[in-house]
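> Based on the hints, put chains U, Z and E in the right spot on chain R.
Residue numbers (our numbering), protein chains in the order written: chain R, 1 to 264; chain U, 1 to 264; chain Z, 1 to 264; chain E, 1 to 264.
The calculated label-pair distances, taken between Cβ atoms and stated as ranges, are:
#: 1; chain 1: Z; residue 1: Gln258; chain 2: E; residue 2: His262; range: 15 to 25 Å
#: 2; chain 1: E; residue 1: Phe50; chain 2: R; residue 2: Ala169; range: 10 to 20 Å
#: 3; chain 1: U; residue 1: Thr221; chain 2: R; residue 2: Glu98; range: 42 to 52 Å
#: 4; chain 1: Z; residue 1: Leu64; chain 2: U; residue 2: Val80; range: 50 to 60 Å
#: 5; chain 1: R; residue 1: Arg260; chain 2: Z; residue 2: Thr36; range: 43 to 53 Å
#: 6; chain 1: E; residue 1: Phe50; chain 2: R; residue 2: Phe108; range: 27 to 37 Å
#: 7; chain 1: R; residue 1: Thr47; chain 2: E; residue 2: Leu230; range: 50 to 60 Å
#: 8; chain 1: E; residue 1: Asp66; chain 2: R; residue 2: Ser99; range: 53 to 63 Å
#: 9; chain 1: E; residue 1: Asp66; chain 2: R; residue 2: His73; range: 45 to 55 Å
Heads up, incomplete: computed chain E residues facing chain Z, CB under 10 Å, no partners named:
#: 10; residue: Ala180
#: 11; residue: Phe199
#: 12; residue: His200
#: 13; residue: Pro219
#: 14; residue: Val241
Now the stretches of chain Z that chain U is said to cover, found in silico as 3 or more residues with beta-carbon under 8 Å:
#: 15; stretch: 158-167
#: 16; stretch: 204-215
#: 17; stretch: 226-235
#: 18; stretch: 245-255
In short, the hints are calculated from the structure, not lab data.
Every residue, glycine too, gets a C-beta built ideally from N, C-alpha and C.
Number of protein chains: 4
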Amino acid sequence: MSLGIVDGHCELALPASWRQNAAMNREALRRVVETTDTKAGRRFDLTFQFLIVIAVVSFSVQTLPDLPEGLRHLLGWVEVITVVIFTAEYLLRLWVAESRIRYAFSFFGVIDLLAVLPFYLASGIDLRGVRAFRLLRLFRLFKLLRYSRAISRFRVALGLVREELILFAALALLVLYASALGIYYFESRAQPDEFGSLFHSLWWAVTTLTTVGYGDVYPVTAGGRVFTFLVLMVGLGIVAVPTGLVASALSEARRLEQERSHSY
Amino acid sequence: MSLGIVDGHCELALPASWRQNAAMNREALRRVVETTDTKAGRRFDLTFQFLIVIAVVSFSVQTLPDLPEGLRHLLGWVEVITVVIFTAEYLLRLWVAESRIRYAFSFFGVIDLLAVLPFYLASGIDLRGVRAFRLLRLFRLFKLLRYSRAISRFRVALGLVREELILFAALALLVLYASALGIYYFESRAQPDEFGSLFHSLWWAVTTLTTVGYGDVYPVTAGGRVFTFLVLMVGLGIVAVPTGLVASALSEARRLEQERSHSY
Amino acid sequence: MSLGIVDGHCELALPASWRQNAAMNREALRRVVETTDTKAGRRFDLTFQFLIVIAVVSFSVQTLPDLPEGLRHLLGWVEVITVVIFTAEYLLRLWVAESRIRYAFSFFGVIDLLAVLPFYLASGIDLRGVRAFRLLRLFRLFKLLRYSRAISRFRVALGLVREELILFAALALLVLYASALGIYYFESRAQPDEFGSLFHSLWWAVTTLTTVGYGDVYPVTAGGRVFTFLVLMVGLGIVAVPTGLVASALSEARRLEQERSHSY
Amino acid sequence: MSLGIVDGHCELALPASWRQNAAMNREALRRVVETTDTKAGRRFDLTFQFLIVIAVVSFSVQTLPDLPEGLRHLLGWVEVITVVIFTAEYLLRLWVAESRIRYAFSFFGVIDLLAVLPFYLASGIDLRGVRAFRLLRLFRLFKLLRYSRAISRFRVALGLVREELILFAALALLVLYASALGIYYFESRAQPDEFGSLFHSLWWAVTTLTTVGYGDVYPVTAGGRVFTFLVLMVGLGIVAVPTGLVASALSEARRLEQERSHSY
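Same shape as in the complex, but just chain R (with noise of 0.2 Å):
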């Protein structure tokens, strides 16, 4: 086995056959990490969901507000050992890599450092900015679609109506802004409050043409109600469409897959 095929980033003066060993090591090693083939991938794969959601599970308990010390205390660890083990995986996952330098700027390599930097980074400030790095933890919840292969299908049907969902895309901003520059002509003067600003009645759009509607913002003039139901009329469809685009590309991807499985 060749090791033309590994990038030359940190090759050390070593005996050819102890290079050779590690090399056929790694090999096996990445077929466990970055494939699912094995049984032994399989496992090392459900291993890591599985402690994903302890991470997120934990990290969701810590924000409760009148946590009882010993749990705190409890979940601080939990914290420590999933950073730990997902610092370990990060290093793995570097190490087995065919191309070290590809994984670590690829969407997942950046993913798996910033799900475990933040952790080192906030020990280390412990200021401030804490909050916002803890933030990046999100990221981690990502891995998860790692290993699903269903997503396959839904990346066809989203290049299928890439146009269309841009175009939507594009008119439900210009719907809302024209919303809200209605809005705003009818319902300024009357709730100078609610409909204080442009950014304001955008607020307004949004939470009217999504049918969220919570209340907190509604027109109470006659000319605003009237040119709420216009907008509804128009907007409502414009936000909505996507969903169907999307639904209608999945039955349309789905059958591609059909029509390219029976003509093997």
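Okay, now just chains U, Z and E, sitting in the frame of chain R:
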């Protein structure tokens, strides 16, 4: 007619002719109880569907506060009578079933038992837990599903999009968690009561991304509102796409059914 | 032209030529009243559609409180005049109909009668019930549907998904009831006013599963919120799927129509 | 190059060579201004899209109350400069257009004019109406649409379902009116403020059937709630179906486009 198909459960020492007679009666009763081919079978089904509706309505009215004493008494009697009838139905089904064990542990066998058991347990115990047991009566409703035929096409459709539904359920959970994490970061300082922990924020995420929007929790900071907008643009589709998927899968299931019927 | 096609209703003893003349006039009038082939027929239809809109607008404005006396008087006259015209139209349609009995008991025959009858009954009685009778005037609106042609494709589409719609309507009712039962269990103790009975809980279930979410009733307990999340994950689809079904059935109805027109 | 294609508008008495030169310059400029084939044309387009975004953002920020004096001054200057540039663009487009009259009365010709006109009118009048005129600036946003190509497929899709969209718009209006009529009957006595007239009830119908549900008006009587349930069961679909229709029509438009490209 051989008795070989009957699984030996409680075969008493009876004269052969007597047993053969009973077996033939069982055979005839089974057609009435389990199928809807015969007129008697359809009548049997309709009667029990009607009884389920009566039991459900009676139970619902019982929850109303300030019921007149007479009505409360009447509803109590309706409850006793329907439970007795449902118990008789359960025993009948158990008796006529080709394999008694298989029925007893089948989905509807368990439901039929759970629908009557709490009544007897409650009478025996009459304590705190009674209320929780009564909730199981809800399963009676699922009996209605037993009699629907269009449901088979629905099952085909669900099978077609099973993988996508799982993917989107997972994505929806991820998006819900990520939204809760984000809004917690933006709003927890401004509204420590409403967004006091990640679990409070999850409640906001659920009511927002499903577009229910009760209005009990909503962002008030500029950052929280911009974040809500971004989350809705992406998350709305992920929560709503499965609906479109099931709809188009149902169309496909109908087409598959037609093709099959045309090819005969 | 033989009179055989006219069902004998009130055939008076008139000279044959006179009666033949009337029959021919009826024939000509029928084309104007019942079809839109001729210019006069289209004008007749447009005139009555316009009158329906006037009657509806006039009725709506009448509900406004604090109307000036002059306007109230004017609207009263508009009401009298439109009712008289609609009565004349009803009698005309009755006279020209090929089969008078069939028209009188047809869907639109009944609606045409119900649209004018309350006015005369109300003038006669002038009591409490007047208001309820006026509600029937709503049926006038359905006259607009009479003139739409695209509606036939909609009927084909509804026929295609009839079984699924019934199934999902049944499922939706089950899910609504089950949701109400569950939330009643979780919330009735915490909010005895809002979730006082299963019927109060059903109101919550309706506003939640349709994602309207007024915000007048919502769960406050942790159990109730988790239950709401679970119910929404399953129930949202069941309530929303029929919409997608009808949409895809309409596409199919359009395709069927095109195929038929191509095959000719 | 003949001048025959130029519609005679203000052909001055100039030497033939001079006029021919100008015509060739116009020809070259037209390619830059009206098309995106050339590098200069794409740059021209991008510059103006960027300017529209700047003008929109500047206008939005201007609506914020309590702006510092310096920023207000700066935004005023941004407004003057963008309007001057847009005016120059309008005149340029008018000059290079093959048919000036056709451009002046085309959709985008009118919009380009309406986007700058209010500024000059407002400076001249400086009175109450200024605010209303400013609203017209909204049309500037539509310029963005000019540059989208995916919009042609959207137009095909709208053409495919035009009849259904009109039918459902009519049905939606009918359902809205019928809902308002019904809830007015049930709730006007219990809530004379919220459901004071049919127009108040229409506002409820709009917020309910679009599932926005602000929570400012909702039924409180048992009859009104049952009616709301019935209305939602039927009306939800009628208001939401058009969205699904447009989505499936877009899929069809994409398929038609692919078939056409394959057949070549």
